[in-house]
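The primary structure of each chain is shown beneath.
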Amino acid sequence: MSKPVALITGSSRGIGRAIAIELGKNFKVAVNYYDKIEAEANRAQAQEVLDIIRQAGGEGTVLGADVSEPASAAQLVEATAASLGGLDVLVNNAGINKDQLMVRMTDAQWHDVIDTNLSSAFYCSRAALKYMMKKRQGRIINISSVVGMAGNAGQAHYAASKAGLLGFTYSVAKEYGPRGITANAIAPGYIVSDMTSKLPAEITARMVEQIPLGRMGTPEDIAALVAFLASPAAAYINGQVIRVDGGMSI
Amino acid sequence: MSVFETVKKIIVEVKGIDEDQIQLESRFEEDLEADSLDVVEMIMMLEEEYEFEIPEDVAEKLKTVKHVVDYIEQNRP
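So the sequence lines, in the order shown, correspond to chains A and B.
Residue 250 is where the first sequence ends in the numbering used here, and the numbering goes up by one at each step.
Residue 77 is where the second sequence ends in the numbering used here, and the numbering goes up by one at each step.
The set of hints was computed from the structure by calculation and includes no laboratory data.
Some clues are possibly wrong.
Okay, derived cross-link-like pairs now, DSS-like style, lysine-lysine, Cα gap no bigger than 30 Å in a straight line [as the list claims (entries may be wrong)]:
{"hint": "1", "chain 1": "A", "residue 1": "Lys-36", "chain 2": "B", "residue 2": "Lys-9"}
{"hint": "2", "chain 1": "A", "residue 1": "Lys-134", "chain 2": "A", "residue 2": "Lys-98"}
{"hint": "3", "chain 1": "B", "residue 1": "Lys-9", "chain 2": "A", "residue 2": "Lys-134"}
{"hint": "4", "chain 1": "A", "residue 1": "Lys-135", "chain 2": "B", "residue 2": "Lys-66"}
{"hint": "5", "chain 1": "A", "residue 1": "Lys-25", "chain 2": "B", "residue 2": "Lys-63"}
{"hint": "6", "chain 1": "A", "residue 1": "Lys-135", "chain 2": "A", "residue 2": "Lys-174"}
{"hint": "7", "chain 1": "B", "residue 1": "Lys-61", "chain 2": "B", "residue 2": "Lys-9"}
{"hint": "8", "chain 1": "B", "residue 1": "Lys-63", "chain 2": "A", "residue 2": "Lys-130"}
{"hint": "9", "chain 1": "B", "residue 1": "Lys-63", "chain 2": "B", "residue 2": "Lys-15"}
{"hint": "10", "chain 1": "B", "residue 1": "Lys-61", "chain 2": "A", "residue 2": "Lys-174"}
{"hint": "11", "chain 1": "A", "residue 1": "Lys-98", "chain 2": "B", "residue 2": "Lys-9"}
{"hint": "12", "chain 1": "B", "residue 1": "Lys-9", "chain 2": "A", "residue 2": "Lys-130"}
{"hint": "13", "chain 1": "A", "residue 1": "Lys-198", "chain 2": "B", "residue 2": "Lys-61"}
{"hint": "14", "chain 1": "B", "residue 1": "Lys-9", "chain 2": "A", "residue 2": "Lys-198"}
To give an idea of the interface, some chain B residues facing chain A are shown, with a C-beta separation under 8 Å as derived from the structure [unchecked claim]:
{"hint": "15", "residue": "Glu-41"}
{"hint": "16", "residue": "Ile-43"}
{"hint": "17", "residue": "Met-44"}
The model shown is predicted, which means the values in this text are computed figures rather than measured ones.
Don't be surprised by glycine CBs; every beta carbon is placed ideally from N, CA and C.
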């Protein structure tokens, strides 16, 4: 039997990259990269991810898109299904942050973050559900954040987008559960990535102090849970949000 | 295959019921126990089958098998 297919948005680097590599063990994987700015560099990074998957005996493809645009997101889902033969798992991972105190935040910053982190999940899921409904099975896994549950100074837009993903997850879980499709969210805590490496060392040190495990998480910590949620063992888990944060938020 | 036969085939696929339970006069909700998601799914499959889009405001008014068959016969490309 042919392997099932997984699409991971924003998987050329960071958490998405680790998810793609992990899912590559059991799925045919579509590695999505952002193709609107620095397309060539992003494509090269995505190709590197696919090379790692292939070296481990997996298969997949590399697909550019801007998932904050409805047409581009729909095309990405269609291209995935066309080139890999269907779509079984969608991981809505693509995300950006443009940290700014709210009184200084521009409309453009607000909309960029909401469109990329939240609207993208709607656009991709809407397109993906067409394939999943027909098969009466599918998994949608949304990468939220602990910030979506607690808020954070300088991240009003980011927190709103990540909280929005939770309500979105619950609704998809209820609406498509009857079709055998589950939706779950993961709320990563403080994870080593490009997004967090931009922060000053002093802020990082203060954050780590609040983590009972005393260290930042790795992208692989998140990827391991995605792999479980995408596996047959997680069939009865639906509409949940699972925090992977080393105990930071307890 | 006639439009009615095609619509029947799709209802059977979506609802998993017997073909002889489906009459031209059957109402989706009351007679075929189809919920709103079943109807949306059926419309999506018909759009694919006949390669044209059924607008949302029309789709909302399709309450019986006959409504659907008539609409497709009159509007298919």
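- Between Lys-61/B and Lys-9/B, does the CA-CA distance stay at or below 30 Å? 21 Å, holds
- Message: Checking one constraint from the list: CA of Lys-63/B to CA of Lys-130/A, max 30 Å. Satisfied?
- Response: 22 Å, holds
- Starting from Lys-135/A, check that the Cα of Lys-66/B is at most 30 Å away, please. Holds, because 27 Å separates the two Cα atoms, which is no more than 30 Å.
- Task: Would you check the hint for Lys-198/A and Lys-61/B, treating anything up to 30 Å between C-alpha atoms as holding?
- Result: The given pair, whose Cα atoms are some 54 Å apart, is violated under the 30 Å limit.
- Message: Given the hinted pair Lys-98/A and Lys-9/B, is their Cα-Cα distance within 30 Å?
- Response: 51 Å, violated
- Is Lys-134/A close enough to Lys-98/A, meaning Cα to Cα at most 30 Å? 38 Å, violated
- Message: Hinted pair, alpha-carbon criterion (30 Å max): Lys-9/B, Lys-134/A. Please report holds or violated.
- Response: Given that 30 Å is the threshold and the Cα spacing comes to 14 Å, the pair holds.
- Regarding the hint that Met-44/B lies at the interface with chain A, is the smallest CB-CB distance below 8 Å? 6 Å, holds
- Query: Do the alpha carbons of Lys-9/B and Lys-130/A lie within 30 Å of each other, as the hint requires?
  - Reply: Holds, because 19 Å separates the two Cα atoms, which is no more than 30 Å.
- Between Lys-63/B and Lys-15/B, is the straight-line Cα distance small enough, at 30 Å or below? 16 Å, holds
- Query: Has the given pair, Lys-61/B with Lys-174/A, been kept, meaning a C-alpha gap of at most 30 Å?
  - Reply: 25 Å, holds
- Message: Hint check: Lys-25/A vs Lys-63/B, CA-CA at most 30 Å. Holds or violated?
- Response: 46 Å, violated
In this structure, the hints that do not hold are numbers 1, 2, 5, 11, 13, 14, 16, in rising order.
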